[in-house]
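Line order of the protein sequences matches chains A and B. If you count the first sequence from 1, position 262 lands on 332 in this note's numbering, and the numbers rise without skipping. If you count the second sequence from 1, position 200 lands on 1170 in this note's numbering, and the numbers rise without skipping.
Keep in mind the hints are simulated off the structure, nothing from the lab. There could be a bad hint or two in this list.
Below, in silico cross-link-like pairs of lysine-lysine (PhoX-like), each with a Cα-Cα straight-line distance of 20 Å or less [to be verified]:
| hint | chain 1 | residue 1 | chain 2 | residue 2 |
| --- | --- | --- | --- | --- |
| 1 | B | Lys1112 | A | Lys272 |
| 2 | A | Lys277 | A | Lys354 |
| 3 | A | Lys272 | A | Lys378 |
| 4 | A | Lys292 | A | Lys333 |
| 5 | A | Lys129 | B | Lys1034 |
| 6 | A | Lys338 | A | Lys314 |
| 7 | A | Lys314 | A | Lys180 |
| 8 | A | Lys180 | A | Lys163 |
| 9 | A | Lys292 | A | Lys278 |
| 10 | B | Lys1112 | A | Lys354 |
| 11 | A | Lys196 | B | Lys1112 |
| 12 | A | Lys337 | A | Lys481 |
Reference listing, derived: stretches of chain B covered by chain A, where coverage requires no fewer than 3 residues with Cβ under 8 Å from a Cβ of chain A [claimed, not checked]:
| hint | stretch |
| --- | --- |
| 13 | 1029-1043 |
| 14 | 1229-1241 |
In this text the structure is predicted, and so the values were computed from the model without any measurement. Beta carbons: idealized from backbone N, C-alpha and C, even for Gly.
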Amino acid sequence: MEQYEPESLSAAQLAAIRRSMTSGRGALSRRSMLRAGGVGALTVGGLAGLSACGIPPAKREGQGPASTDVSAKEKTLAFSNWTEYMDVSEDEKSRPTLEAFAKRTGIKVKYTEDINDNVEFFGKIKPQLAAGQDTGRDLICVTDWLAARIIRLGWAQKLDPANLPNAYANLSSQFRRPDWDPGRSYSYPWTGISTVIAYNVKATGGKKVDSVTQLLDDPALKGRVGFLTEMRDSVGMTLLDMGKDPGNFSDADYDAAIGRLQKGVDKKQIRRFTGNDYTSDLDKGDIAACLAWAGDIIQLQVDNPDIKFAIPSAGYITSSDNLLVPAQARHKTNAEKLIDYYYELPVAAQLAAYINYVCPVDGVKDELAKIDPELANNTLILPDKAMAKKSRAFRSLTSAEETAYEEKFAKLIGA
Amino acid sequence: MSAPTLAKEAPESVDEPILRKPSARKRLVPYWLLLPGIIWLLVFFALPLVYQASTSVQTGSLEKGFEVTWHFQTYWDAFTEYWPQFVRSLLYAGTATLLCLLLGYPLAYLIAFKAGRWRNLLLVLVIAPFFTSFLIRTLAWKTILADDSVVVDVLNTLHVLDVTSWIGWTEGDRVLATPMAVVCGLTYNFLPFMILPLYTSLERIDGRLHEAARDLYASPATTFRKVTFPLSMPGVVSGTLLTFIPASGDYVNAELLGSTDTKMVGNVIQSQFLRVLDYPTAAALSFILMAIVLAMVTVYIRRAGTEDLV
Chain A
71 MEQYEPESLS
81 AAQLAAIRRS
91 MTSGRGALSR
101 RSMLRAGGVG
111 ALTVGGLAGL
121 SACGIPPAKR
131 EGQGPASTDV
141 SAKEKTLAFS
151 NWTEYMDVSE
161 DEKSRPTLEA
171 FAKRTGIKVK
181 YTEDINDNVE
191 FFGKIKPQLA
201 AGQDTGRDLI
211 CVTDWLAARI
221 IRLGWAQKLD
231 PANLPNAYAN
241 LSSQFRRPDW
251 DPGRSYSYPW
261 TGISTVIAYN
271 VKATGGKKVD
281 SVTQLLDDPA
291 LKGRVGFLTE
301 MRDSVGMTLL
311 DMGKDPGNFS
321 DADYDAAIGR
331 LQKGVDKKQI
341 RRFTGNDYTS
351 DLDKGDIAAC
361 LAWAGDIIQL
371 QVDNPDIKFA
381 IPSAGYITSS
391 DNLLVPAQAR
401 HKTNAEKLID
411 YYYELPVAAQ
421 LAAYINYVCP
431 VDGVKDELAK
441 IDPELANNTL
451 ILPDKAMAKK
461 SRAFRSLTSA
471 EETAYEEKFA
481 KLIGA
Chain B
971 MSAPTLAKEA
981 PESVDEPILR
991 KPSARKRLVP
1001 YWLLLPGIIW
1011 LLVFFALPLV
1021 YQASTSVQTG
1031 SLEKGFEVTW
1041 HFQTYWDAFT
1051 EYWPQFVRSL
1061 LYAGTATLLC
1071 LLLGYPLAYL
1081 IAFKAGRWRN
1091 LLLVLVIAPF
1101 FTSFLIRTLA
1111 WKTILADDSV
1121 VVDVLNTLHV
1131 LDVTSWIGWT
1141 EGDRVLATPM
1151 AVVCGLTYNF
1161 LPFMILPLYT
1171 SLERIDGRLH
1181 EAARDLYASP
1191 ATTFRKVTFP
1201 LSMPGVVSGT
1211 LLTFIPASGD
1221 YVNAELLGST
1231 DTKMVGNVIQ
1241 SQFLRVLDYP
1251 TAAALSFILM
1261 AIVLAMVTVY
1271 IRRAGTEDLV
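Let's have the full structure, built from the sequences with the hints guiding it.
See the structure below:
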């Protein structure tokens, strides 16, 4: 290889070197300077950006800027609900009660089944609501505790009683005064939910399972017991079993219930904590006995006569799924009309006969008997006095309690 | 670049050699071509990353809002609290990756060298499961591994489950809701990500190399060890990465097929974010996972010596 000798370079070569220094690879030195500068600027800017981020308080003081109600002009309504929470015609092509509503009022309902899980749904709508924006939904259906949180955060619109004559008159007394929305000024229940114990007689060997104690201690059920990932159902039922009132308990009571469940986890008595998917496990017999939502059990029993349910003598947890109009929704009056419509007795009966959940409407029994007398006597749909007496609701929690309790429960279920 | 700019530049370049400087327009072309990619990266990668980084050092609550307080303690707390889930994630993902390699390599080899006219059909079959949703595929395993299913019966008869129970991978005479079920789900769901890169690198190997090896009296095993496997290393490396990285962050398999003691770090992140509403901890956990995976991948690539291939 030749030695580098600057003197021997021709003018042309020198020019070439100069050229490559300015526009070729040599120019990289300037570029890398820029790059270093850029990284520096990005770091400084990034740090500034990081501290500027923050997440503003979720709570909206007062009502905030009132949303304009365009119900009179736009005869539409966007309704988000859970799956299998609406009656469907035989050919599965239409939803009879919704269609009758559209026919009578001229309001076209955009019905979406996009709620599968309360926590996930909250994650979905939170960004818009926190930013004070319209979620694109005029009516949503969420479980008590989430309804309570949404109301607490100021993310729900107050309903106008003048538009809700049927709802006001026909709402069952047991649903009238939840501690999170006394007098129902923001919400109306869509359905009531009873949390009971269900079991598969084939898997239990014909044995009856009727208490949480049995779920947690019976060696015959080891590894085949299911509890629910809904904290209030699992802990609430355990509290009842321990002789505590889920409507009025202390931190120590809560910890004791968690400890009791933890024992069940540690000795492998509890197989899983499940969401809605417990139904298939129970149906197959992989889960022999579990906490269950009564409406699911009625539907399961249609196909599988081995599925039985029991109401623990210690009592059972009731909750409800509630209709709310989210803040900034633009069709509140239309939403109120729909709520009121579903509190008309024939409509309520038609819905209850299809979805088999607890009907929150008083006086629906006769209408339901017209459709199916057997359903009218089913205490899981229309609880009788003896049953209603055993029902308890989980009390509403403060924000701090909610965080602390959910954290303990999350640890119990492994994450 | 607009036309007037060009016209202005034209007189300047008259006395300069044409090759010296590409026109401004030409110099900018690569950047214009990069632009969509850069914007995509900025919007869907850099911004969320910065946002999550910020969230991880905030403190507060949903109701009072979160503020950046540079609370790095969150990282330490999150790690000490949830290290078992981290270990589990890496263990499950590692096992699943290894199983994928053991199952995928022979299959990829077969498709590349022996399948003949069946090759395309077999490749389609490898990808076929992707035509159904990830969730459905995972739920199907609940039926396959159900307590009274044929698979579990056979495993019980062969006393395989006695062994796996002894090492803690199954529970008594069942498979569902145990670590083994989760690993099975992970292996199944990520297997195509292993097979496809393996296939592409195996398929590129020149068949004459095998002939040459035979001519030089190499046994089939030696041929594989000295020729085929080294040449397929790029596929092995990218296959293992494509399997391991998503598997370590997966939470669906652990959620549906597992139990309380099989939760992976993805489940913790999900639960912290949605259930507990502790966004800083969730963000910190994500960053810790990212750092661990990055570190492991870097070491792995260095050792595998295929930096330029991935």
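Going down the list of hints, with the structure as the test:
1. B:Lys1112 - A:Lys272: holds (19 Å)
2. A:Lys277 - A:Lys354: This hinted pair holds, its Cα atoms lying about 17 Å apart.
3. A:Lys272 - A:Lys378: OK: A:Lys272 and A:Lys378 at ~10 Å, within 20 Å.
4. A:Lys292 - A:Lys333: holds (12 Å)
5. A:Lys129 - B:Lys1034: holds (7 Å)
6. A:Lys338 - A:Lys314: Judged against 20 Å, a Cα distance of about 25 Å means the pair is violated.
7. A:Lys314 - A:Lys180: Violated. A:Lys314 to A:Lys180 sits at ~43 Å, over the 20 Å cutoff.
8. A:Lys180 - A:Lys163: Satisfied, since the Cα-Cα distance of roughly 15 Å is no more than 20 Å.
9. A:Lys292 - A:Lys278: Holds, at about 15 Å.
10. B:Lys1112 - A:Lys354: With a Cα-Cα distance of about 10 Å, the restraint between B:Lys1112 and A:Lys354 holds, given a limit of 20 Å.
11. A:Lys196 - B:Lys1112: Violated, because 33 Å separates the two Cα atoms, which is more than 20 Å.
12. A:Lys337 - A:Lys481: holds (16 Å)
13. 1029-1043: It holds, with 10 qualifying residues against the three required.
14. 1229-1241: holds (count 9)
Of the numbered hints stated above, those contradicted by the structure are hints 6, 7, 11, listed in ascending order.
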